[in-house]
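Peer 1: Residue-level listing of the chains:
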Amino acid sequence: MAEFLGATVAIAPNDPEHLGFLQAAAAGRFVLQRCAECARLRYPIGNACPFCTALEWEWAEVSGKGTIYSYEAVMHPIHPSFRDQVPYAIVLVELDEQRGVPTEHDGLRVLSMLVDANDRPESLERVAIGLRVEVGFTPLGDGLALPRFHLSEEAPEHTPWSLGG
Amino acid sequence: MPGLKDKYAIVGIGMTEFSRNSGRTTRALGVEAVRAAMVDAGLGAGEVDGMLSYHGNDSTASPTIAGDLGIRLNFYMDCSGGGSSIEALIGIAMGVIEAGMCSTVAIFRAMNGFTEARIGGTGRQRPVFTGTSLEAGIHGMNSAAQSFAPSFMRHMFEYGTTSEQVAHVKMAHSHHASNNPRAYYKQRISVEDVLNSRWITKPLHLLDCCVETDNGVAIIVTSADRARNLRQRPAWIMGVAGRVNKEQPGGYHWSRGPISRVAGVYGAPIVFGQAGIGPQDVDVTGSYDAFTFTTMLQLEAYGFCKEGEGGDYVSSGIIELGGARPNNTSGGHLCEGYTHGIGHIVENVRQLRGLADDYCPNWAAGEHSYDYTEGGCRQVKDAEITMNLGWAMPATGSALIMHN
Ligand SMILES: [Zn+2]
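As given, the protein sequences belong to chains A and B, one line each in that order.
To convert, note that position 140 of the first sequence is 140 in this note's numbering; the numbers rise steadily by one, no gaps.
To convert, note that position 359 of the second sequence is 359 in this note's numbering; the numbers rise steadily by one, no gaps.
A few of these clues could be false.
[As the list claims (entries may be wrong)] Straight-line C-alpha distance at most 20 Å; calculated SDA-like pairs for lysine to any residue:
hint, chain 1, residue 1, chain 2, residue 2
1, B, K306, A, K65
2, B, K306, B, A136
3, A, K65, B, H368
4, B, K381, B, H368
5, A, K65, B, A136
6, B, K381, B, K306
Hints were generated in silico from the structure; no laboratory data involved.
Predicted, not measured: the structure shown is a model, and the values here were computed from it.
The whole structure should be built from the sequences, with the hints applied where relevant.
Peer 2: And the structure:
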């Protein structure tokens, strides 16, 4: 049984989408659903294409690179698994693929705890909107892994902004 | 169904006390609230024949509440939902009466929001990550505050909005609550108090977050012909928008559009179009205050200020009693108590009646001092049009406009 932070990771037998996503990550591949009709990528996982309603899709590997679009710094944990993780940042990453689609305000957005080189919560002093990030893979056991993002070596996309304090 | 303006009204309101230790079932809370609304309206058990409720598997269903009160129903529906449900249900009540399915509908929300089902979670849930929690929960996003915070952070980034500006929402609502004998938190809170309270998840302090309480609240909706013959001055429904959504693939509000632009942008043309008015005509707002900034984002979305200028709007004094357009004169979810929005409807009905139950000795006779200092009045002078702005999350909202 897969586990993460003391919690069970349970993929239902009727949920091949999440299974495929986490199995690909265990093989070091960050994949998204790509519509078989209009070829647009989508995230989060869904059962139809939100751009053309087509049901058919396939996995497509993407670069796993993106920019922090927004974030928060969790100080007070609710879920028991995160009690020894605080403080930690959750980042909303806008991936490099499909930016500005279907409108200038859209893109492929992925949530992640921002982690450091040791796969532990990154220091809050280092998180900011505009910073470049890339994906890594946290093993969950049982042939599964969780894609999570860390800061990349690339220059920021724009002047970094953070709340501070 | 065009043209329902002024054909329906809210004619009864009822509330239990707001507590953190009700010691009673949601059944008992719901029965007390519905009965209070019937007594308020002057309606007997034989005159209520419809019932609606909303819940998160934490309430008691309509047939049980009605049965306890000896009400035989011609229509009922209990639906899943939290914030923004009430405005939608008022629209549904109008629709089922219009369809001839029943004539007078009680709508209630009964919840032990502190002692039983806490919205923010209790940390006692069995730790399992499965299904859609593999996209958010497993990354540490497990509460309403954690889910909404990035929307506010992005607003701060794009528009320079500050914690200090939205803290004025808590300050204003706490001042209103200090004149509400029913409010759970009556103490006046300063902007500094908010900024000095501990972080929950940056950019949200403890005092940016609403209170969790146990309570039951009910309202009664009926048609114009019946409304005119009841005990109270009707609060006439001018327009309603129910559970309007933004695009949200996967059901996640952060997945599309500018994340600090909330669903109200789609609700505004619906509700203002029905009412035939604009935001400038509204005297009192009840903008859902699950958090300080949710009030601000909705006021922007419904056009009370320009997008990005919500920080200036909420810190300008406009939303305070004595200001040009007070918001949540009861103290709202931040101070009065958490009702998933129905308490905000009740408060606006009180305002339209001129019967805010404040500390004015003869408020019940409509005599108010309009002295808004602590322990005084909370009636808005000459309130004629009110608006409720319901929130479920950034991608889901509702609205209701009423007049007296
Ligand atoms: Zn497609």
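Peer 1: Going straight from one Cα to the other, do K65 of chain A and A136 of chain B come out at no more than 20 Å?
Peer 2: The hint holds at about 19 Å.
Peer 1: Hinted pair, alpha-carbon criterion (20 Å max): K65 of chain A, H368 of chain B. Please report holds or violated.
Peer 2: violated (62 Å)
Peer 1: Does K381 of chain B pair with K306 of chain B here, judged by a C-alpha cut-off of 20 Å?
Peer 2: violated (26 Å)
Peer 1: Quick one, are K306 of chain B and K65 of chain A close enough, alpha carbons at most 20 Å?
Peer 2: Violated. K306 of chain B to K65 of chain A sits at ~34 Å, over the 20 Å cutoff.
Peer 1: For K306 of chain B and A136 of chain B, compute the direct alpha-carbon distance and say whether it is at most 20 Å.
Peer 2: Not OK: K306 of chain B and A136 of chain B at ~31 Å, beyond 20 Å, violated.
Peer 1: Tell me if the straight-line CA distance from K381 of chain B to H368 of chain B falls inside 20 Å.
Peer 2: Holds, at about 9 Å.
Checked against the numbered hints given earlier, this structure breaks hints 1, 2, 3, 6; the rest are met.
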